[in-house]
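Undergrad: Here the sequence shown is numbered in our numbering, starting from 209 and rising by one per residue.
Rather than coming from a laboratory, the hints here were simulated on the basis of the structure.
Check the hints yourself; a few may be wrong.
[As the list claims (entries may be wrong)] List of simulated lysine-lysine pairs, BS3-like, C-alpha gap at most 25 Å:
id : residue 1 : residue 2
1  : Lys527    : Lys456
2  : Lys375    : Lys449
3  : Lys326    : Lys449
4  : Lys527    : Lys459
5  : Lys471    : Lys459
6  : Lys375    : Lys527
7  : Lys471    : Lys456
8  : Lys462    : Lys519
9  : Lys326    : Lys375
10 : Lys519    : Lys471
11 : Lys449    : Lys415
12 : Lys459    : Lys375
13 : Lys459    : Lys397
14 : Lys471    : Lys414
15 : Lys326    : Lys415
16 : Lys326    : Lys397
17 : Lys519    : Lys415
18 : Lys397    : Lys449
19 : Lys397    : Lys456
20 : Lys471    : Lys375
21 : Lys414    : Lys527
22 : Lys519    : Lys414
23 : Lys459    : Lys414
24 : Lys456    : Lys415
25 : Lys527    : Lys415
26 : Lys375    : Lys397
As the structure is a computational prediction, the values presented were derived from the model and not from experiment.
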Amino acid sequence: MLSRSWNLITKRAASATASTAASRVTAQESVTRLPNGLTVASVDLQGATSQLVIGFRAGSRYEKENEQGVIHLARNCVGKDSGRYPGTTLLWNTALTGGILDVKFRDGRHYKNSLLSKRFVSGEAVLVGVNIDHESLLNYATEQIPLNEGTATASPTSRYFGGEARKNFSGPSSYVALAGKGAALSDTKSVAVQSVLAEIFYAATKKITNSAQPININYQDAGLVGVQFNAANDGIGLLTKSVATSLKNVKLDKDTINAAKRKAMLKVLSASESASSVALDCAVQLLAGSSVTPSIFVDNINSLTQNEISKAMTDSLSKLSMAVYGSTYHVPYLDEL
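Based on the sequences and whatever the hints tell you, model everything.
TA: Dropping the structure here:
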C-alpha cells in the first residue's frame, strides 16, 4: 500500500526558520525511467552512508476480493519445511489437535502467484538510492536486478467516505482517533497544507489533553488528518466531546498559522537527518506518480495562505472518521459530537 505517515518517514530536508535558511542542505535529485518501465532515482544529501530502496506498487490496496498477496505470506508458510522441523510433521501434529487443511490453501497459493506476476514487475517498481552516484545506480538497475518485465496495472480509485470503527477491549483506558479527509500523495501542494493543518489540530487538542498525538497520513488517492488521544474509561466520553468541539472551533489567525508552519518545517528538518527516511519517502512519491525536492516542498509550506488552510480545514471537518479501542460504551458516536 502506498502511504506515508508524516510522523515517521515522510519529512524532507528543509529549514524550519528563515534564520537557518542559509544552512539548508539542498538535495540533488535525478530520476530516470528505463525502457523496461523501472524508475530509477538518486538523491544526493552529501552524506557519508548510502541507502538503497527497491519498492513495488503492491499490497492489500491493490488486491481484488479473490487475491491474497505478500502480506499473507507468513500465514501461507504454515505447513512448509523449516530449518528445524519438517512441514509434514507440522501438518500431522496440527491434525492431531483438530486442525484441518483444506483446498483453500492451494487456491491462496495460486492467487498469490497471480498477484506477484502482475505487481512485482519492472513497470510497478522503483529503485531509489541516497548518496549514490546516479550513473552507478543506473548500471546496477540495468545489469544486476533480476526483475520480470511488465507494464503497470491500472487500479481503481479509492475514495474517502468517512465513518467509524469501534472495538471493545477490557482495560483501564480507551483510545480514540478523530480524523478528516486529507490529501492524495500526488498533490504536493495539498500535502503541504495538510502538514500545517495537522499541527493546528494537534496544538488545539494539546490544550485539552497531554495524550494528544497528531494524525497526518497520505495515501495514493486520499489521506487522513486529525488527532488521537486516550484517557481513563470514565473520562474518555467527555474528553472526546471536548476534542471534537475544539477542532471545530479553531481560530485561524496569523500567529496560529505561522506557528504551525514553523513546527511542520522543523519536523521536516528533523526527520530528514535519516538517509533511510529520505529514501523511503522518495520511493513512495515516485510510486504515487511524481516526486519533489526537499526545498520545493518546504517552499510550498512557507507560501501557504490563510485562505488555502481555511478551505482545507473546512473540507476536512465536514466529514469526520472515528476509531475507538477500549470501552466503547463510554465513547459517543460521531453523530453525537
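Undergrad: All the hints need checking, so say for each whether the structure fits it.
TA: The hints, checked one at a time:
Our distance criterion of 25 Å between C-alpha atoms is met by Lys527 and Lys456, whose separation comes to about 12 Å. Of the supplied pair hints, the one linking Lys375 and Lys449 holds, its CA atoms being roughly 19 Å apart against a limit of 25 Å. With a CA separation close to 46 Å, the supplied pair Lys326 and Lys449 exceeds the 25 Å bound. With a C-alpha separation of about 19 Å, the suggested pair Lys527 and Lys459 falls inside the 25 Å cut-off, and the hint holds.
Among the hinted pairs, Lys471 with Lys459 is consistent with the structure: their alpha-carbon atoms are about 17 Å apart, no more than 25 Å. Proposed proximity of Lys375 and Lys527 is supported: the alpha carbons are some 21 Å apart, at most 25 Å. As the CA atoms of Lys471 and Lys456 are separated by approximately 21 Å, the hinted pair is consistent with the 25 Å bound. As the CA atoms of Lys462 and Lys519 are separated by approximately 15 Å, the hinted pair is consistent with the 25 Å bound.
The hinted pair formed by Lys326 and Lys375 fails the criterion: a straight-line CA distance of about 35 Å is larger than 25 Å. At most 25 Å may separate the alpha-carbon atoms for a hinted pair to count; Lys519 and Lys471 meet this at roughly 20 Å. Restraint check: the Cα-Cα separation between Lys449 and Lys415 comes to about 14 Å, which is no more than 25 Å; the hinted pair holds. Taking the CA atoms of Lys459 and Lys375, the gap is about 33 Å. The hint is violated against a cut of 25 Å.
Restraint check for Lys459 and Lys397: the C-alpha separation of about 22 Å stays at or below 25 Å, so the hint holds. Only pairs whose Cα atoms come within 25 Å are accepted, and Lys471 paired with Lys414 is accepted, the gap being roughly 14 Å. Between the alpha carbons of Lys326 and Lys415 the distance comes to roughly 49 Å, so the proposed pair goes past 25 Å and is violated. Taking the CA atoms of Lys326 and Lys397, the gap is about 32 Å. The hint is violated against a cut of 25 Å.
For the hint pairing Lys519 with Lys415, the CA-to-CA distance comes to about 23 Å; that is within 25 Å, so the pair holds. Of the supplied pair hints, the one linking Lys397 and Lys449 is violated, its CA atoms being roughly 31 Å apart against a limit of 25 Å. Note on Lys397 and Lys456: the hinted pairing holds, with a Cα-Cα distance of about 23 Å set against a maximum of 25 Å. A distance of roughly 33 Å separates the Cα atoms of Lys471 and Lys375; the hinted pair therefore is violated under the 25 Å criterion.
Restraint check for Lys414 and Lys527: satisfied, since their Cα atoms lie roughly 22 Å apart, inside the 25 Å limit. This hinted pair checks out: Lys519 and Lys414 have alpha carbons roughly 23 Å apart, not beyond 25 Å. Between Lys459 and Lys414, the direct Cα distance comes to roughly 15 Å. Compliance with the 25 Å bound is thereby established for this hinted pair. Distance check on the hinted pair: Lys456 and Lys415 sit about 14 Å apart at the alpha-carbon level, within 25 Å; holds.
For a cut-off of 25 Å, the pair hint linking Lys527 to Lys415 stands: about 23 Å separates their Cα positions. The straight-line distance between the Cα atoms of Lys375 and Lys397 is roughly 35 Å, outside the 25 Å bound, and the hint therefore fails.
Violated hints, in rising order: 3, 9, 12, 15, 16, 18, 20, 26; the structure is consistent with all others.
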